[in-house]
Amino acid sequence: MTEDKARHYAKALAEGMGIIFYVVRSRERGFVPVQIPSDDCEILATINPPNSVNAPHCRPTTLGALL
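Residue numbers for the sequence shown follow the working numbering, beginning at 1 and rising by one.
No lab work stands behind these hints, which were simulated from the structure alone.
Fair warning: this is a prediction, and the values are worked out from it, not measured in the lab.
Just so you know, not all the hints are guaranteed correct.
To be verified - With a Cα cut of at most 20 Å, we get these calculated EDC-like pairs of lysine to aspartate or glutamate:
id: 1; residue 1: K5; residue 2: E28
id: 2; residue 1: K5; residue 2: E15
id: 3; residue 1: K5; residue 2: E42
id: 4; residue 1: K11; residue 2: E42
What the hints assert, rightly or not - Computed Cβ-Cβ distance ranges for the label pairs, DEER-style:
id: 5; residue 1: E42; residue 2: H8; range: 17 to 27 Å
id: 6; residue 1: N51; residue 2: R27; range: 11 to 21 Å
id: 7; residue 1: I19; residue 2: D39; range: 30 to 40 Å
id: 8; residue 1: E28; residue 2: N51; range: 14 to 24 Å
id: 9; residue 1: I36; residue 2: E3; range: 12 to 22 Å
Just so you know, even glycine gets a beta-carbon here, dropped at the ideal spot from N, CA and C.
Construct the entire structure; sequences and hints are all you get.
Rendered as structure tokens:
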């Protein structure tokens with residue numbers, strides 16, 4: 001899979017499932033979207049779902065207000 005295709009799938013999965021996905025490069029599988037990266041891969045991108053607490057537009061106090 002190409003890196004662009006892996007990014008496309010990671011974005012679709014993050015949006016559809018509402019969880020963080022990573023685009024990684026591994027020796028065995030090449031470029032892949034994963035939910036939990038292994039220790040032997042290189043993380044190329046982190047794809048956050050829309051409206052997540054990790055999104056840049058959220059303030060740190062937003063999470064505290066929800067707890």
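Quick rundown of the hints versus the structure:
no.	hint	result
1	K5 <-> E28	holds (17 Å)
2	K5 <-> E15	holds (15 Å)
3	K5 <-> E42	holds (17 Å)
4	K11 <-> E42	holds (18 Å)
5	E42 <-> H8: 17 to 27 Å	holds (19 Å)
6	N51 <-> R27: 11 to 21 Å	violated (35 Å)
7	I19 <-> D39: 30 to 40 Å	violated (20 Å)
8	E28 <-> N51: 14 to 24 Å	violated (34 Å)
9	I36 <-> E3: 12 to 22 Å	holds (19 Å)
When held up to the earlier numbered hints, the structure conflicts with 6, 7, 8 and fits the remainder.
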